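The numbering of the sequence shown is the working numbering, which starts it at 1 and goes up by one.
In case anyone wonders, no lab produced these hints; they're calculated from the structure.
For clarity, every value in this text was computed on a predicted model and none was experimentally measured.
Warning: the hint list may mix true and false statements.
What the hints assert, rightly or not - Ranges between beta-carbon positions, derived for each pair:
#, residue 1, residue 2, range
1, Ser149, Ser66, 43 to 51 Å
2, Arg123, Gly61, 31 to 39 Å
3, Gly145, Asp84, 42 to 50 Å
4, Glu124, Glu62, 36 to 44 Å
5, Ala141, Asp98, 20 to 28 Å
6, Val132, Leu73, 24 to 32 Å
7, Asp94, Ser149, 17 to 25 Å
8, Leu73, Glu148, 42 to 50 Å
9, Asp136, Ala96, 42 to 50 Å
10, Glu44, Arg91, 30 to 38 Å
11, Thr212, Leu182, 23 to 31 Å
12, Glu62, Glu202, 21 to 29 Å
13, Gly61, Glu120, 28 to 36 Å
14, Leu73, Val147, 19 to 27 Å
Stated by the list, open to error - Only pairs whose alpha carbons sit at most 30 Å apart, straight line, appear in this in silico DSBU-like list of lysine-lysine:
#, residue 1, residue 2
15, Lys155, Lys139
16, Lys168, Lys224
17, Lys166, Lys117
18, Lys135, Lys155
19, Lys117, Lys29
20, Lys38, Lys71
21, Lys139, Lys224
22, Lys74, Lys209
23, Lys71, Lys29
24, Lys38, Lys139
25, Lys117, Lys71
26, Lys74, Lys117
27, Lys224, Lys155
28, Lys74, Lys155
29, Lys199, Lys29
30, Lys71, Lys166
31, Lys74, Lys199
32, Lys135, Lys74
33, Lys117, Lys168
34, Lys29, Lys155
35, Lys112, Lys209
36, Lys155, Lys112
We put the beta carbon where it would ideally sit given N, CA and C, even for glycine.
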Amino acid sequence: MNSVVIVGAGKGKRMKSDINKVYLRVAGKPVLQLTIEKFMSMDEIDELVVVISRDDEEIFGEMQRSIYISKPLKIAYGGAERRDSVYNGLRLVDTACDVVLIHDAARPLVDKADAIKSIECARENGACALAVRVKDTVKIADDEGFVESTPERDKLWAVQTPQTFKYKLIMEAYRRSIEEGLMATDDCMMAESAGFRVKLVEGSYENIKITTPEDMLFAKEILKRM
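With these hints in hand, go ahead and build the complete structure from the sequences.
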């Protein structure tokens, strides 16, 4: 059994909008709706858990009425930090789950084939994430903006979602990390801190996280081709 936890409880301040960015419309539909429908249409996904803010209950309810629900859809509520929101979602996942995908609600352009690759990778390796090779040269700078070093570009990857795990593995990693008070920017860090190795699977540069008005324009152009 495969489950997906879609995390959409953030505020998205960079979008400069009065509402959560995942409810802004792209190609006539809210971003979150596009993301839900993508996973709802995948035969490989057996259930969805969507993490929302309690402040968004009304707007989510209105949006949900427009979605064709073909498999279990559960609602979890966000916590103080992303870590807490993801954990709330993971705790609602069916205990029969073997592999769980954790996905940003603001990434509606994920390719189905890439998501399936991540499931296969997690079954084999326990923990994996979609990622793309970094195109630009990256510099590490000090607090004053002076360059300290330049990492080798061929070893650098920009990590995306879904980040996919054997369910028991990521639950153990989250329990440990929360007990230790670890704050992480993604789910892979939780697994890494618990001693698990994470395998990267090459994804697509089109699988962007919609965080700015410019991203909305880019997403519209991609959706025209889909």
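Quiz prompt | Violating hint indices (sorted, rising) | solution = 3, 5, 7, 10, 12, 14, 16, 21, 24, 27, 28, 29, 32 and 34
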